[in-house]
Amino acid sequence: DIQMTQSPSTLSASVRDRVSITCRTSQNISRWLAWYQQRPGKAPSLLIYEASTLQSGVPSRFSGSGSGTEFTLTISSLQPDDFATYFCQQYNTYVWTFGQGTKVEIK
Amino acid sequence: EVQLVESGGGLVQPGGSLRLSCEVSGFKFSNYEMHWVRQAPGKGLQLISYISKSGATIYYADSVKGRFTISRDNAHNSLYLQMNSLRAEDTALYFCARPLWFGGAAGHWGQGTLVTVSS
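Chains as they are written, first to last, in this note's numbering: chain C, 1 to 107; chain H, 1001 to 1119.
The hints are simulated quantities; they were obtained by calculation from the structure and are not laboratory data.
Errors might be hidden in some of the hints.
Distance condition first, Cα-Cα at most 27 Å in a straight line; then the derived DSS-like pairs of lysine-lysine [as the list claims (entries may be wrong)]:
id, chain 1, residue 1, chain 2, residue 2
1, H, 1065, C, 103
2, C, 107, H, 1065
3, C, 42, C, 107
4, H, 1043, C, 103
5, H, 1043, C, 107
6, C, 42, C, 103
7, H, 1043, H, 1065
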């Protein structure tokens, strides 16, 4: 299985800060990477797929970049609604694997 | 509108069994592969099982292999997960998930059903 390494595990930031989360994969997955936002007790919500394509309805302050084995999720100006946990996921095969998650907290 | 609704979770003793269901609507179920993903309390997401459109290809995570069985009924728009020999470490919120398209990211999720294994 493809291993995922996501960092940091926790990120403390303020409203309007620019924040970035990194995800590394154990093998080349081209651009088959997605990012999700999750709130406690709820299902994940797809933000970005194919490394950089914004899912319909997702605000443009979210962006993704990368290919191969290194990927980044950036929130250009953190809003109160963005304090949540974020996961990366590879779907290079149907054996999906997920990063460990990054909790974005209010500083 | 695409909808996935899980059911069947609950409190069960170690060694017991449960059958989870995922009823879908708003799309042609037989055209999509499906996944079961779980999340233990305070932990990350783990794929535990996958089934192809026809059911011909099935995957299980090592942690559930031999104990869980995935199946689908395309005529009734339903996905199932039969869970036997349950352990405390199977305690989690269980989600069914559908890719955006074949081989795609998980664009659609159910709300989850909670399984608690405890004596």
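Structure-based check of all given hints:
Distance check on the hinted pair: residue 1065/H and residue 103/C sit about 31 Å apart at the alpha-carbon level, beyond 27 Å; violated. Taken as a hint, the residue 107/C and residue 1065/H pair is broken in the structure, with Cα atoms around 42 Å apart against an allowance of 27 Å. For the given pair, residue 42/C sits about 23 Å from residue 107/C by alpha-carbon distance, which is consistent with the 27 Å threshold. For the proposed pair residue 1043/H and residue 103/C, the alpha carbon gap of about 11 Å is at most 27 Å, so the pair holds.
Restraint check for residue 1043/H and residue 107/C: satisfied, since their Cα atoms lie roughly 22 Å apart, inside the 27 Å limit. Proposed proximity of residue 42/C and residue 103/C is supported: the alpha carbons are some 15 Å apart, at most 27 Å. Of the pairs offered as hints, the one joining residue 1043/H and residue 1065/H holds, with about 21 Å between alpha carbons and a cut-off of 27 Å not exceeded.
Hint check: violations occur at hints 1 and 2; the rest are consistent with the structure.
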